[in-house]
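J.: Now that you have both chains on their own, put them together as the hints suggest.
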Amino acid sequence: KAGVTQTPRYLIKTRGQQVTLSCSPISGHRSVSWYQQTPGQGLQFLFEYFSETQRNKGNFPGRFSGRQFSNSRSEMNVSTLELGDSALYLCASSYEQGQDTQYFGPGTRLTVL
Amino acid sequence: GQQVMQIPQYQHVQEGEDFTTYCNSSTTLSNIQWYKQRPGGHPVFLIQLVKSGEVKKQKRLTFQFGEAKKNSSLHITATQTTDVGTYFCAAGDTGNQFYFGTGTSLTVIP
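The listed protein sequences derive, respectively, from chains A and B. If you read the first sequence in our numbering, its first letter stands for residue 1, the second for the next number, and so on. If you read the second sequence in our numbering, its first letter stands for residue 1001, the second for the next number, and so on.
Hints in this document: simulated from the structure, not taken from any laboratory. Watch out, some of these pointers could steer you wrong.
[Unchecked claim] Residues from chain B shown here face chain A by an in silico Cβ test under 8 Å; the list is partial:
#	residue
1	N1031
2	H1042
3	P1043
4	F1088
5	G1092
6	N1096
7	F1098
8	F1100
Ideal Cβ placement from N, Cα and C applies to all residues, glycine included.
For reference, chain B alone in the conformation it holds in the complex (with noise of 0.2 Å):
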């Protein structure tokens, strides 16, 4: 079956420092879908990436998916206290369903 795993699981960073979490998949996927949580909130919708290669960026975020499409990027330029939060991706396989990683837990240190 689908195993999508997400690296690191926890990650402290002072303010200032950058961060980057990957997302790694067992098989090819068809897109990836990144997802942000704040404490106590629910996932948001951040971005979708559905081409080899693809590399998109909001503001200090920059997402990339891999040429081969089993591996995706979430990397955080200069590190703020709203970043902090669980960042989630959500790998879509071709049978039309989503699988969520483990999720990164960022805290940022003022």
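Extracted from the complex, chain A is given alone in its bound form (with noise of 0.2 Å):
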């Protein structure tokens, strides 16, 4: 099986845009994470897609949104980009939502400048 597939996989945005990210699960996997990582932070959970509904948030502005498909690819986009959003985005997929093993894609590496 293919792994979970993330483009593009760099990024170079100003502040102020807005950047899209796509996410291919696994196929058969149904739930979609979105996570942040930094330095500073580590690993912060954004969200969870399952079955097009977005069933976990963590706790990030208004200006992080996501979606998913019916064919359970996810996007994420992040409105009105400033410098503190850059980082690694990482998606995982995992079969069911909530704990179930997660499988990680290479990420999005993403600078603001």
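T.: Given below as structure tokens:
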């Protein structure tokens, strides 16, 4: 089975712009979670989608949003980018929602200038 | 809210020495998972512990879940350079959500 894929792998944006990141889960997995990873904060949970519905949400501002499509692919959007949004954004898929084993993608490295 | 503390944050060991990282929760957990992230890579699932007092082994790695299901540890015996990376615990609360620890970065000096 192919693993979790994320596009793009690298992205450079400027403050105030918006960005959309994409994640394709492992075939058959219905849950997709998004995490922000920074050197100082570790892995921070953003949100989880299961069957096209957001099931859990972390403590991030409303500028961070996401959605899931009927084929389980997911997108994450960040509007009005800030310098502090520079991070590695990881997507993880699992078969079930909640506390099932997470299979991570390679991540999208976002740099905000 | 849920808090997951992981210590130490960094650990440097000589190759062949043992290594232990600890994960502590402020509340009782339903389960705990451990992940390893190699430098430049992404977290990879290692193991899940569910039962109170559970101990599981994977070759040189030993995982424990505390009796009160509030803490866990990962112990590596006789470290090798291939063990280098950051080890994360992911604590599952009773509300069906995961909370990742801050990770322990392991450096193995050959």
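J.: It remains to establish, for every hint, whether it holds in the given structure.
T.: Going through the hints against the structure:
Residue-level restraint check for N1031/B holds (minimum Cβ-Cβ distance to chain A is 6 Å; threshold 8 Å). Taking 8 Å as the C-beta cut-off, the interface hint given for H1042/B holds, the closest approach to chain A being about 4 Å. Interface restraint check: P1043/B against chain A, minimum CB-CB distance 5 Å, threshold 8 Å, status holds. Look at F1088/B: its Cβ gets to within about 6 Å of chain A, closer than 8 Å, so that hint holds up.
The closest approach between the C-beta of G1092/B and any C-beta of chain A is roughly 4 Å, which is under the 8 Å cut-off, so the hint is satisfied. Checking N1096/B against chain A: minimum C-beta separation of about 4 Å stays under 8 Å; hint holds. Annotation: interface hint on F1098/B holds; nearest CB of chain A at approximately 6 Å, less than 8 Å. A hinted interface residue such as F1100/B counts as satisfied when its beta carbon comes closer than 8 Å to some beta carbon of chain A; here the least separation is about 4 Å, so the hint holds.
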